[in-house]
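Enquirer: Sequence:
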Amino acid sequence: MGKGYGTENGGKRKKKDRDLDDLKKEVSLDDHMITLDELGKRYGVDLARGLTNARAVEILARDGPNALTPPPTTPEWVKFCRQLFGGFSILLWIGAILCFLAYSIQVATEDEAPNDNLYLGVVLAAVVIITGCFSYFQEAKSSRIMDSFKKMVPQQALVIREGEKMHINAELVVQGDLVEIKGGDRIPADLRVISSSGCKVDNSSLTGESEPQTRSPEFTHENPLETRNIGFFSTNCVEGTAHGIVIATGDRTVMGRIATLASEIVVRRTPINIEIEHFIHIITGVAVFLGVSFFILSLILGYTWLEAVIFLIGIIVANVPEGLLATVTVCLTLTAKRMAKKNCLVKNLEAVETLGSTSTICSDKTGTLTQNRMTVAHMWFDNQIHEADTTEDQTGLGFDKSSATWSALSRVAGLCNRADFKAGQEDFPIVMRETAGDASESALLKCIELCCGSVRDMRDRNHKVAEIPFNSTNKYQLSIHEGEDNPSGHILVMKGAPERILDRCSTIMIHWPGISS
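Per the working numbering: the sequence shown = residues 15 to 531.
The set of hints was computed from the structure by calculation and includes no laboratory data. Hints may be right or wrong, so weigh each one.
[Said to hold, decoys possible] Straight line, CA to CA, 25 angstroms or less: simulated SDA-like cross-link-like pairs of lysine to any residue: (1) Lys-356 / Lys-489; (2) Lys-509 / Lys-356; (3) Lys-436 / Leu-50.
[Unchecked claim] Pairwise CB distance ranges, derived in the manner of DEER restraints: (4) Gly-438 / Ile-522: 13 to 21 angstroms; (5) Cys-345 / Gln-439: 15 to 23 angstroms; (6) Thr-318 / Gly-100: 49 to 57 angstroms; (7) Ser-468 / His-392: 17 to 25 angstroms; (8) Pro-84 / Lys-351: 23 to 31 angstroms; (9) Thr-487 / Cys-519: 19 to 27 angstroms.
No residue lacks a Cβ here, since even glycine has one placed at the ideal position from N, Cα and C.
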């Protein structure tokens with residue numbers, strides 16, 4: 015029985031290792047290289063009408079929902095016990111037990127036993143229980159907030175089934191589905207792009223590259239991670255539209271492979287855990303050495319063995335730093351609360367100390383560590399560099415907003431801009447609002463919204479009639495709008511690389527006091 019059980023466990027471990035080795039290999043697929051007709055035959059989908067509802071139900075039953083498998087969770091009672099009996103707490107529990115033992119010996123051997131050891135034991139136990147509960151509730155609060163994010167409005171996907179467009183929960187998307195995405199959407203699964211119009215995606219969550227990447231039906235690279243005709247699960251479409259066939263869902267996507275590998279990482283002990291364990295060893299060694307020394311010395315001086323044991327216990331307990339656990343817990347909790355005010359939730363209090371002991375953070379891309387949110391820092395107009403005021407109440411360093419040059423510049427930034435605020439955020443500060451669009455255009459949108467008021471009103475007064483989207487070849491973006499005062503007239507606004515804009519300009523607008531040119 016034991017041998018069979020061991021063989022079974024060994025087989026499971028080897029299979030798990032093989033699965034991890036497969037995940038670590040390069041992504042191997044040819045969906046981006048085959049023709050659209052071959053793609054349709056492979057997944058049994060009509061490229062014009064999509065899957066049938068019955069076929070979609072069959073595939074969903076076969077592959078499961080389009081969601082990443084959550085990592086195994088630790089039961090709440092285990093978390094609570096770790097706070098009560100883990101790390102430095104165990105030393106205080108030993109001290110409390112020794113105090114109760116000493117009190118019991120005194121009660122059994124003396125007529126009027128002092129209550130000092132009883133009180134000390136109760137205090138030690140109370141310190142452990144209170145700090146343990148405090149730490150547990152702090153971490154449980156952060157965990158509940160993190161879980162609440164997952165229960166927000168579920169992500170929707172626009173699919174075409176039986177020739178009809180329908181919005182469904184993204185978890186119900188199946189392999190072979192015909193999906194339509196547009197600027198502001200999150201890609202619900204790995205897609206083979208079959209048609210597109212100015213589509214660009216933000217792959218920063220996957221690669222750390224903050225520059226939007228073009229997506230088109232053309233096969234451009236043998237590596238599926240580099241070709242333009244593959245869109246990846248959980249990345250964002252920042253502009254344009256595209257249609258694609260779902261080629262992988264859930265854990266079988268590229269992001270799913272990364273998430274699976276990340277979940278297999280062995281969690282190492284934190285620096286504070288290592289330091290506390292080392293400290294406990296030192297304190298225990300010193301306490302036991304002094305206790306045994308006093309025990310032997312008491313016997314030599316003629317005390318009874320019971321009295322010598324009382325001395326032994328008293329010396330050991332005296333070397334226990336009762337207030338250290340409470341002090342460490344309070345310090346970590348205060349730091350966690352300060353970080354919470356900056357919208358940074360600490361799921362594990364020990365992580366605070368780990369972050370504090372970090373001296374160097376290495377990263378290959380800026381988008382990996384930052385939020386991929388650009389901010390307007392400086393502006394050049396009227397032959398001067400002006401610092402942008404990004405404060406919510408516009409009380410920072412300012413500039414002359416009555417300048418005609420600034421008026422023209424802000425109009426270009428607001429109109430020649432495809433970014434827009436997502437709905438339902440009117441009560442949020444402008445700098446904290448989420449946007450649909452490119453990171454640089456979103457930065458311009460927020461800057462103009464702060465300095466000049468509603469960009470939406472500006473666009474309503476100057477209706478857009480034509481546009482040339484930005485692309486890497488032209489390196490400029492151009493749009494034509496109806497005039498605000500003269501609807502029959504039109505204005506052309508343009509932005510892009512400085513050399514491309516200057517080549518198309520004959521004059522420059524500069525306003526000085528008393529001089530305008």
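Enquirer: A separate judgement is required for each hint: does it hold in the structure or not?
Expert: We went through each hint and held it up to the structure:
no.: 1; hint: Lys-356 / Lys-489; result: violated, 37 angstroms
no.: 2; hint: Lys-509 / Lys-356; result: violated, 34 angstroms
no.: 3; hint: Lys-436 / Leu-50; result: violated, 34 angstroms
no.: 4; hint: Gly-438 / Ile-522: 13 to 21 angstroms; result: violated, 41 angstroms
no.: 5; hint: Cys-345 / Gln-439: 15 to 23 angstroms; result: violated, 36 angstroms
no.: 6; hint: Thr-318 / Gly-100: 49 to 57 angstroms; result: violated, 38 angstroms
no.: 7; hint: Ser-468 / His-392: 17 to 25 angstroms; result: holds, 24 angstroms
no.: 8; hint: Pro-84 / Lys-351: 23 to 31 angstroms; result: holds, 28 angstroms
no.: 9; hint: Thr-487 / Cys-519: 19 to 27 angstroms; result: holds, 20 angstroms
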